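Participant: Each chain is listed here by its residues.
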Amino acid sequence: MRFSIIYNVFMRDFNKQRKRMLLTLVAILWGTLSIMLLLAYGEGLKTQFVRGSSGMGEGIVILWGGQTSMAYKGFGLGRHIPLVEDDIEYLKQNVPEIRDVAGEYIRWGAEVKHKEMILSERINGVFPVYRDLRNMIPEMGGRMINDLDIEHKRRVAFIGDAVKVRLFGTEDALNKTIYIESLPFTVVGVMKHKTQMNSYQGADEDVIVIPASTFVTVFGDPWLDNIVYAPKDPNQSEYVERRVTEVMAGKKKFHPDDESALGFWDVIQSLKTTRNMMLGIEIFLGIMGGLTLLIASVGVANIMYVSIKERTREIGVKMAIGARRSYIVMQFLIEALGITFFGGFIGMSISYILTEVFKMIPIESDIFEFMGRPTVSLEIGLVVVAILGVMGFLSGLFPAMKAASVNPVDALRHE
Amino acid sequence: MINMSQITKVYNTGNVAFEALRGIDLDVADNEYIAIVGPSGSGKSTLMNLMGCLDTPSSGKYELEGHRVDALTANQLAEIRNTKVGFVFQAFNLLPYASAYENVELPLLFAGMRARERRMRVMELLNRVGLGDKIANKPTEMSGGEMQRTAIARALANRPKLILADEPTGNLDTKSGAEIIRIFDELWETGHTVIVITHDINIANHCKRVIKLKDGMIFNGIGARVN
Chain A
1 MRFSIIYNVF MRDFNKQRKR MLLTLVAILW GTLSIMLLLA YGEGLKTQFV
51 RGSSGMGEGI VILWGGQTSM AYKGFGLGRH IPLVEDDIEY LKQNVPEIRD
101 VAGEYIRWGA EVKHKEMILS ERINGVFPVY RDLRNMIPEM GGRMINDLDI
151 EHKRRVAFIG DAVKVRLFGT EDALNKTIYI ESLPFTVVGV MKHKTQMNSY
201 QGADEDVIVI PASTFVTVFG DPWLDNIVYA PKDPNQSEYV ERRVTEVMAG
251 KKKFHPDDES ALGFWDVIQS LKTTRNMMLG IEIFLGIMGG LTLLIASVGV
301 ANIMYVSIKE RTREIGVKMA IGARRSYIVM QFLIEALGIT FFGGFIGMSI
351 SYILTEVFKM IPIESDIFEF MGRPTVSLEI GLVVVAILGV MGFLSGLFPA
401 MKAASVNPVD ALRHE
Chain B
1 MINMSQITKV YNTGNVAFEA LRGIDLDVAD NEYIAIVGPS GSGKSTLMNL
51 MGCLDTPSSG KYELEGHRVD ALTANQLAEI RNTKVGFVFQ AFNLLPYASA
101 YENVELPLLF AGMRARERRM RVMELLNRVG LGDKIANKPT EMSGGEMQRT
151 AIARALANRP KLILADEPTG NLDTKSGAEI IRIFDELWET GHTVIVITHD
201 INIANHCKRV IKLKDGMIFN GIGARVN
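Chains as they are written, first to last, in my numbering: chain A, 1 to 415; chain B, 1 to 227.
There may be inaccurate statements among the hints.
Said to hold, decoys possible - Interface residues of chain B toward chain A, partial, derived using beta-carbon atoms under 10 Å:
hint: 1; residue: Ala71
hint: 2; residue: Ala74
hint: 3; residue: Leu106
By construction, these hints were calculated from the structure, which means they are not laboratory data.
None of these values were measured; they are calculated from a predicted model.
Using N, Cα and C, we set each Cβ at its ideal position, and we do this for glycine too.
All chains, full assembly: derive it from the sequences and hints.
Facilitator: This is how it looks when you write it as structure tokens:
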């Protein structure tokens, strides 16, 4: 019953003061639009960065051989610790916390030829599990290196999408023959394009992947350049790293505390850092938008104050005919909240429409590759609604308290 | 209806305390028709504000319809103003952006009356003051007399017994003023208690009882005529 009184009085006052209300509404609308678009931009940026950071593979650690820095069991300092194919199986057996592990051979500057085109490209010798660890997905019709390729030392190649363009242009590359160091290889797959923002040997779009066994035969290189592994539980990556060091220390006879004997790049941790950095950027953008909205709220509060000054007599009249103070307070509070939420709702709707329209624009450019596309998420919506609520309440509260402190006798005398 | 004893009202303006009322003893029976007269600053409006529970006395005892009202909470006072007292002001004090209908409806809204009932009551009141055909008019579209009649309809909204009017004809021409007084006569005849502050000697004489105020005190004897 009481609410309906307040609602009735509010709706009437609102209808009678449309122009003032509308102007304030536009200010709130603009503030909401700003904060929504900034946050949407941040969200798109974050999504893109996280996607880009995981382009190289998710939940993986890159391991490479280093040099000892501690004397151990009669060995001196500065000894090179090489990685060999044996180590892969050895790690699998001795560190059960590892889900998948693969090795890779790298050869830079190999001569690659197709028809008249001769290029100097990077060749990786890999194992099938590499496909999932390093997120190298073939385009339709193609495939990645498989177990039979390894077993039979087949001369097959899976090529990065950028290499494909360099060698074949717009031509179809599947099942064509290319020459690597004068040996013929059949292209069995082209990598599906991916956004990759970090790497340890160059972008995957620039690589030619061949079976590890074939690689050893062709290049006669027995040393693995890297081992890539994925812990079963990504949150345990630090513990697994410790275990890998200990196991390898036993096998290769270096001090288990020697930190430079093996090199690790914990991509999981890097991704966490990226996420945190992005969160920081989002918060920053949110604060920028929030400030815009704050200014709009000050506008609401200001208009409410002016309104109270103009309506002092009205407040007195209402009190004289029986309005309780709480009605007066509620009236101003609801008015402020009403303007804020109504303006906020329109602002949110517009920003949603804008981002949807933006998504539909079919632009394939490097800018989008890094910036991503602004996205309005439910979380953003809820955050903005919460901010609107707090600001609407505050911008109404202080004017309302002032209104309620009006003495009816003085208010009636007010001109 | 009203029993006041030793009512005082002191205003503190800065360092100076101003005694607006200095010990008022006043009894008003049901269905009286009273004029309050006196020079400016004599405390007429202050007395009326206290009677109407717009303000509370600094000291003294005030009973309205048999209930003590000098020490009620703000909300209780608001309810009394809403249901037991009807105010009519010199400056009409209608909400400028609201129609006659909406102005009369407001006290009913505060009383929490249902929409259907409200509509019937507002129409009944506006018809009673002869404005049944002007319900949609805003104050700017009305004459002074019409505005004051709207204000009277508003004062009567929740059927209070006590009608307090502070110079109700002060802003009106003679003809409109006479109409307002005729409405007050009718109200008195139908059992309301009407108390009017006035400077108009004719209106004062027209009333059944005159209370003269001077320097915050009642000057004449109870029931005495002015002339």
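Participant: A separate judgement is required for each hint: does it hold in the structure or not?
Facilitator: Now the hints, each set against the structure:
| no. | hint | result |
| --- | --- | --- |
| 1 | Ala71 | violated, 17 Å |
| 2 | Ala74 | holds, 6 Å |
| 3 | Leu106 | holds, 6 Å |
The structure fails to meet hint 1 from the earlier list, while all remaining hints are met.
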